[in-house]
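J.: One-letter residues, chain by chain:
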Amino acid sequence: GAGVSQSPRYKVAKRGQDVALRCDPISGHVSLFWYQQALGQGPEFLTYFQNEAQLDKSGLPSDRFFAERPEGSVSTLKIQRTQQEDSAVYLCASSLAGGGNEQFFGPGTRLTVL
Amino acid sequence: RKEVEQDPGPFNVPEGATVAFNCTYSNSASQSFFWYRQDCRKEPKLLMSVYSSGNEDGRFTAQLNRASQYISLLIRDSKLSDSATYLCAVNVGTGNQFYFGTGTSLTVIP
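These protein sequence lines are chains A and B, in that order.
Position in the first sequence (first residue = 1) + 4 = our numbering.
Position in the second sequence (first residue = 1) + 509 = our numbering.
Any given hint could turn out to be false.
For lysine to aspartate or glutamate, the following EDC-like pairs were computed, each having C-alpha atoms within a straight-line distance of at most 16 Å [unchecked claim]: (1) B:588 - B:516; (2) B:554 - A:106; (3) B:511 - A:48; (4) A:15 - A:89; (5) A:18 - A:28; (6) A:18 - A:89.
Interface residues of chain A toward chain B, partial, derived using beta-carbon atoms under 8 Å [what the hints assert, rightly or not]: (7) 47; (8) 52; (9) 70; (10) 110; (11) 111.
Because the hints were derived from the structure by calculation, they are not lab data.
Computed from a predicted model, the values in this text were never measured in an experiment.
Note that beta-carbon positions come from the ideal geometry of N, C-alpha and C, so glycine has one too.
With the sequences and hints as input, model every part of the structure.
T.: The structure is reproduced here in structure tokens:
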């Protein structure tokens, strides 16, 4: 069966550009998570969806970050007016349910902001 | 204080050695614990869940110590292929937010 997929795998943006990162979770997984991972660090939580509902967005670093999952499946993380400090790997994970269930990660999108 | 702390290492061990990593967590209400393995420039892959009674999967043993608020991962008979970064993940109560440690780097030397 297919795992979590993400696209693009690599994205280079000029400072000030908007970017959109896509995540396709494992089929049937209710919960979807976005994380940001800087070099040499562990993943940092950004936001969480249960089906189409965004239940927790406490980790989004600024109002330039926006995530959606309109049909409870594919999710998009959008970053407006990118800054150099946004450069990181953005990981998406899904789990069968919430509440501390095991999460399975996609390959990530490596974003470089010049 | 960070929610989850790990010794970043690096741990350099010879093949066949036994190595152990600890991960401390700050919130006593934490309920779910996991170890992930992350290879260079790859995504974290679930290695094993950590159960209250401890659990074993081949050469890997995970344990939870609630009193001292840490989890551990023991790798026996290390293989070259075990070289990776090992991340612990902890969630809080019934919450969905996972906190990850910074990872512990392991290199197994021939």
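J.: Check whether the Cα positions of residue 588 of chain B and residue 516 of chain B lie no farther apart than 16 Å.
T.: The hint is violated at about 21 Å.
J.: Hold the hint about residue 70 of chain A up to the distance rule: shortest CB distance to chain B must be less than 8 Å.
T.: Since chain B brings no Cβ nearer than about 18 Å to residue 70 of chain A, farther than 8 Å, the hint is violated.
J.: Quick one, are residue 511 of chain B and residue 48 of chain A close enough, alpha carbons at most 16 Å?
T.: holds, 12 Å
J.: With a cut-off of 8 Å on the beta carbons, see whether residue 47 of chain A makes it to chain B.
T.: Since chain B brings a Cβ to about 5 Å from residue 47 of chain A, closer than 8 Å, the hint holds.
J.: Are the Cα positions of residue 15 of chain A and residue 89 of chain A separated by 16 Å at most?
T.: Between residue 15 of chain A and residue 89 of chain A the Cα gap is close to 14 Å, so the pair holds against 16 Å.
J.: Assess, step by step, whether the Cα of residue 18 of chain A is no farther than 16 Å from the Cα of residue 28 of chain A, and give holds or violated.
T.: Status violated; Cα separation ~26 Å.
J.: When you check the alpha-carbon spacing of residue 18 of chain A and residue 89 of chain A, does it fall within 16 Å?
T.: OK: residue 18 of chain A and residue 89 of chain A at ~12 Å, within 16 Å.
J.: The hint names residue 110 of chain A as touching chain B; please verify it with the least Cβ-Cβ distance against 8 Å.
T.: Residue 110 of chain A check passes; min Cβ-Cβ to chain B is 6 Å, inside 8 Å.
J.: CA of residue 554 of chain B to CA of residue 106 of chain A, is that 16 Å or under?
T.: holds, 10 Å
J.: Is the interface hint for residue 111 of chain A satisfied, with its Cβ closer than 8 Å to some Cβ of chain B?
T.: holds, 5 Å
J.: Against chain B, run the beta carbon of residue 52 of chain A and see if the smallest gap drops under 8 Å.
T.: holds, 5 Å
In summary, the numbered hints that this structure violates are 1, 5, 9.
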